Structures are given as structure tokens and as C-alpha cells.
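Sequences are here, hints too, so could you generate the full structure?
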Amino acid sequence: MVATTLKQIRSWVVAIAILANISGAFVLLALVFVMNVDVVSRNLFNAPFRGVVEVVIFSMALIVFLQLPDVVRTGRLTRSDGFLSLLRHTAPRAGHALGRILDGIACIFMGMIVWTVWPEFTDAFESCYFFVAPEFGPPKSGNLWVDFKVALGRCDYFGTPGILTAPWWPVRLAIAFGCALAAIILFFKTVLGDENITPAHPVEAAE
Amino acid sequence: MSPVEIGMLSVGAIVVLVYLGLYIPVALGLVSFISIWIISGKSILAFNFLKIAVGDGVTEYEFATIPLFTLMGLLVSKAGLGRDIYDVMNSAFRRVLAGIGMATVGANAVFAAITGSSIASASVFTKISVPEMLRFNYNKRFAVGVVAGSSVLGMIIPPSAMLIIYSFVAEQSVGHMFLAGIIPGLILTAAYIAAIFLMARLWPGFIGEDVRADESAALHTGEMVSKAWPVVSLIFLVLGGIYTGWLTPVEAGAAGATLALIVAVSRRSLSWQGFWSTLVETGHITAAILLLITMASFYSRMLGFAGLPNQLDMLLQTWDLSFFQIMLIYVLLMLVLGTLLDTASIILIVVPLFITLIEGMGLSMIWFGIVTVIGAEIGLLTPPLGISCFVIKSTLNDPNISLKDVFLGALPFAFIMLMVLILLIKYPVLSTVLIN
Numbered sequence: 000m001v002a003t004t005l006k007q008i009r010s011w012v013v014a015i016a017i018l019a020n021i022s023g024a025f026v027l028l029a030l031v032f033v034m035n036v037d038v039v040s041r042n043l044f045n046a047p048f049r050g051v052v053e054v055v056i057f058s059m060a061l062i063v064f065l066q067l068p069d070v071v072r073t074g075r076l077t078r079s080d081g082f083l084s085l086l087r088h089t090a091p092r093a094g095h096a097l098g099r100i101l102d103g104i105a106c107i108f109m110g111m112i113v114w115t116v117w118p119e120f121t122d123a124f125e126s127c128y129f130f131v132a133p134e135f136g137p138p139k140s141g142n143l144w145v146d147f148k149v150a151l152g153r154c155d156y157f158g159t160p161g162i163l164t165a166p167w168w169p170v171r172l173a174i175a176f177g178c179a180l181a182a183i184i185l186f187f188k189t190v191l192g193d194e195n196i197t198p199a200h201p202v203e204a205a206e
Numbered sequence: 000m001s002p003v004e005i006g007m008l009s010v011g012a013i014v015v016l017v018y019l020g021l022y023i024p025v026a027l028g029l030v031s032f033i034s035i036w037i038i039s040g041k042s043i044l045a046f047n048f049l050k051i052a053v054g055d056g057v058t059e060y061e062f063a064t065i066p067l068f069t070l071m072g073l074l075v076s077k078a079g080l081g082r083d084i085y086d087v088m089n090s091a092f093r094r095v096l097a098g099i100g101m102a103t104v105g106a107n108a109v110f111a112a113i114t115g116s117s118i119a120s121a122s123v124f125t126k127i128s129v130p131e132m133l134r135f136n137y138n139k140r141f142a143v144g145v146v147a148g149s150s151v152l153g154m155i156i157p158p159s160a161m162l163i164i165y166s167f168v169a170e171q172s173v174g175h176m177f178l179a180g181i182i183p184g185l186i187l188t189a190a191y192i193a194a195i196f197l198m199a200r201l202w203p204g205f206i207g208e209d210v211r212a213d214e215s216a217a218l219h220t221g222e223m224v225s226k227a228w229p230v231v232s233l234i235f236l237v238l239g240g241i242y243t244g245w246l247t248p249v250e251a252g253a254a255g256a257t258l259a260l261i262v263a264v265s266r267r268s269l270s271w272q273g274f275w276s277t278l279v280e281t282g283h284i285t286a287a288i289l290l291l292i293t294m295a296s297f298y299s300r301m302l303g304f305a306g307l308p309n310q311l312d313m314l315l316q317t318w319d320l321s322f323f324q325i326m327l328i329y330v331l332l333m334l335v336l337g338t339l340l341d342t343a344s345i346i347l348i349v350v351p352l353f354i355t356l357i358e359g360m361g362l363s364m365i366w367f368g369i370v371t372v373i374g375a376e377i378g379l380l381t382p383p384l385g386i387s388c389f390v391i392k393s394t395l396n397d398p399n400i401s402l403k404d405v406f407l408g409a410l411p412f413a414f415i416m417l418m419v420l421i422l423l424i425k426y427p428v429l430s431t432v433l434i435n
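Chains as they are written, first to last, in numbering that gives the first Met the number 0: chain A, 0 to 206; chain B, 0 to 435.
In case anyone wonders, no lab produced these hints; they're calculated from the structure.
All figures in this text were calculated on a predicted structure; none of them were measured in a lab.
Note that the Cβ used here is the ideal one computed from N, Cα and C, for glycine as well.
Some hints could be false.
[Claimed, not checked] Chain A is faced by these chain B residues, among others (derived, beta-carbon under 7 Å):
no., residue
1, VAL14
2, VAL15
3, VAL17
4, VAL53
5, PRO66
6, LYS139
7, ALA256
8, TRP271
9, SER276
10, GLU280
11, ALA286
12, LEU291
[Said to hold, decoys possible] Partner residues are not named here, just some residues of chain A that face chain B (Cβ under 10 Å, in silico):
no., residue
13, PHE32
14, ASP37
15, ASN42
16, LEU43
17, ALA46
18, ARG78
19, GLY81
20, LEU97
21, MET111
22, LEU151
23, VAL190
24, LEU191
Quick look at the structure:
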């Protein structure tokens, strides 16, 4: 009973991970496109695309943390599993038990990351004063769209003012979201066992 | 316990946990977290280190080289450029004794200049060259050994994932590391080809007793050009762009990926589905490598906090070791670790320990990177964790060729790598001459 409920929940989590993964792939495509626009326009039209460095950094954070849950799900997180796959082969029970323990440790570690980066997101988000009156600057006008744009200008930002700035909170949110989803998937791997046992080539992912 | 003792214990703990099969970023991060907690006695400090490592870990412009060059490499493999390079090389070497072996090495060297992965090289050339060599009566051990040995070139000749990883750990420019890899890569290529030339005459038992030459006609000039132009233009664009300073490494990666995409599409070797799976694959590899780098930076901060690199520096100074002795210890350490860990982990674990020492001795960090990458790569060819050999064995899927055959076949090539490594240690100028 509990197991079926858990499996049902897992299938939803997996769907979210795949969705996040697809979004990450689109960000990657956009990154390649933007870089090429910059190279071409700089060389042919002598008009560099200002702020490309900021765009690159922003999209890297999105690519990594949107795709992290799916990396965990498919068992592509870098590991050296020579010993583990040997154990799974010679003593399957011990091998699978060790695999679950290691996934449990990884789950706890991901949970710790979420614990420590979540306040970073809330701080960055609250710096915009989306919903409450700001401490300085013009008060809320009542027009939602105008207020939203003004609020975006208040956010903690990264980048260079005058060239390109972007609010921090979407990146912070992506980090917290990616690590949280990864922790949940690792939790299911610990409790229900691993659905995707990888073949014996540990660093394929890294190389 | 003193901080240094805790630091040393943590390095040992990481090696053990990674060997047991814990995810490498988790092992690096968790052990570093616990060590900082124990050393400082405060959990808040450990959490802050972790927060900084994760939050700021990916915000670096040059990190974008990883997805871009990965994408380029995957597209190039999908476009079947490996086969074309092999055909051109084979045509060039076809009259020479043991020519297919030399062609495999040459094709690997060229393929390495458009991909950054030994794994890609190993799987592509296992499918192309091994059946060819077996058809012409080559010894099976030589056939797989030459593919394993030359697959290592993928990691030395730029663009290379390992050079990128080193450049982040040691805070060197990716562009400089790429340029530094060119000459050592060519030396290793030449050493392999020379060794095959000699072995064919002095040790025919290894190559194959009655190797037949390929009697087929040479390629026409037209065929040569049509097979070679995509590869040549990719190399010209990427390495030429970086060398002349026209493109940053990130831009070179983007331009290279686009050109590879154009080539793949124009040859109709890429479906929408294939393109999509390539994008997803690239994202997976990027996320895995960047999490690894993020946690490695956390680990290296922990080491600094424990004061371990300084202690190691002082310890080796009190022993009054010569340059040669220190390098001997370093290479031996990497060879030993190479039997336990994969290349990326070795670089991430060992380099932060030695940076202070090497900088203190006034040695070039670029040269040290080349030495490190080649030293760690020897482990790709040696048992029990020779990843290249595993890939060849599983790609081949031939019951007549055992994993032992692959390892024994690769052994002479691992030895040649070691000789080249000694040469590069002795003459640092070989690695640094192209920079400036």
C-alpha cells in the first residue's frame, strides 16, 4: 500500500524532473544561439552583443540546476562504480544494500544544500518587494504590471549596471529547486531501490 | 587532532568513499563539510562554506566551454567524421607495414582535435579500426591495444574535458591550457607511430605474424578533399580562433558546435530526435561535470582551511628533495591513484594539494597541468579501472577478445605514455612554448 503510493508519487517527481531537463536543454540551445549572434555581429557588423558574459553565466546556472535532477534520475551523476558493480554481481543482496546506503547519504547531502541555499533565494526574492511596500523609492501605484517592472528594478542583481543586469532570485530558485528535486529522487532510490542501475562505465558522464 | 591531521584523514576518507562507489561530488562535499565542522567546531562555518561553493560555483564565464565543446564533440561523432578521418589516414598509410595501426593513431589524433573525450574516441575507433585490423591478420591484442592507447590522445589534444577541468582547479586560462596541450599531444602521436613502425620490424609477434597490406586503391584527391574539409575547417576555426585570439575559448566552442551542426545536417546524418537526444546528453554531462567542479572547489577551500597544502610544502622542504625526486613522488602517486580512481577525480583530489608547492618552486602551472593530465590518463589504460579498456571491451562485444587481451594490448602504449611524460617533465618548454 505504502509502496504503491510512493511509486505513484515517484512517477510525478520523475515527470517534473524530465520537464526541468527539457527546459534546461532549451536554455542550452539559446546559449549556443546567443554566442553565435555575438561572434557574427561583432566580426561582420562590428556590433558586439553587450552583456553576453552575463547571459552566459545566467544560462549556465539554469542549465546545470534544471538538469541536475534528471542526471540523478538516470544515474549519470559521476561515480566510480567498479567496486559496486562487482559487488552487485558477486553478492547481489549486499551490493544493492550498499547502493541504497550510498543513495541515502547522497540524499542527506543534497538536503543539506537545499537547507543552506533556500534562505539565499528568499533574501534575493524579498529584495524586490514584489508584494509589500518598499522601504524607499516610489510607493505602489496599484497597476500590477507597472509595479512588477519597478519591483524587478529593485531586486538584488548581478551583471554590470548600464550594460545588462538580471535579478538574482531566478538563479537562486533554480539552485534550490534542482537540489531539492535531486534529493527527493535520491530518497526514492534509497527507499524503493534504483530503477536505473548504470552499466559499468563510471566516468562516461565526466568524460 | 590538529587541523592538518583532520585534513589528511579527509583526503583518505574521500578516496575510500569514492572507491566504495559514493557519487564523487557527494564524497568531496560531505567529507569537506564534516572536516570544516570538526576543525572549526562550528556548524555555521561549514554551512557557509557549502553555501558559497554551491551559490557561486557555477557563476564563471569560462564554464560555458563545457557544454559547448561537449555538444560539438557529440555532433561530430554523430556526423560520422571519425570514419572519414580514418579513411583519409588509411589511404595515406596503406603501403606501410602495420599501416592500419598507424592510421588508427593518426585518425585518433585528428579526431581528438575536434572532440574532448577519450571515451568517444575509444568507442568510435573500436567500431572502425578493430574489425579492419582483424581482417588483415593483425594480432587481436595489438588491434585493441592500439585503439586503447591512441584514445588517450582525446584528452590531451585540445579541446579536452580534462584540460578544462584542470584549468578550473588550478585557476589557469582554458585557452592557455588548450594551446599547451597541442605539442605534447603531437609528440605522443609521433611516439606511438614510431613505436608501431619499430614493433612491426622487431616484435612481429605482437603486431601479427603475417600482416597483409591493404591492396585497395588510394582515395582520389576529390574524395580526400570531400572527406577532409569538415574536419580541417573545424580544427582551423576552433584552434585557429583561440590561437590568434580572434575567439575566446567559449566563443570557439559555440562556433565549433554550430559548424558541427551544419556539417551533420548537410550530410543528413542528424534527425530531429538525434539532435534532441544530443542536447539532453550535453546537458547531463554539463550538470555532472559542473557539480563535480563545484564540490572540488569546496574541497580545495577545506584543504586551505586545514592548512594542508602549506604543511605538505614545508614537509617536502625539510626532506630537502630535488625537483626530480618530487616529480617522481608525484608521478608515482598518480599511477597508484590511477588504479583506484578515474582521471577527473585524480585531478580534482591531487592538484589542490600540490598547487602551493609547485607555485612555491616557481614552476609553470601550465606545464604542471599537462604533466598531471597525462600522468592521470595513464590510469585509463591500466587495470583494474582502465576506463578506455572497459569501453573497448563493451563496444566490441566479441567473446574471442577478453578484457585481459585489451589490458595486455594497451600495456606497451601505457609504457610509451610514461616515456613521453618523462620527456615532458624534463623539458617544460614543450608545454609552454606556444603560449605568447
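### Message
Which constraints among the numbered hints does this structure fail? Numbers only, ascending.
### Response
1, 2, 6, 8, 9, 10, 16, 17, 22, 23 and 24
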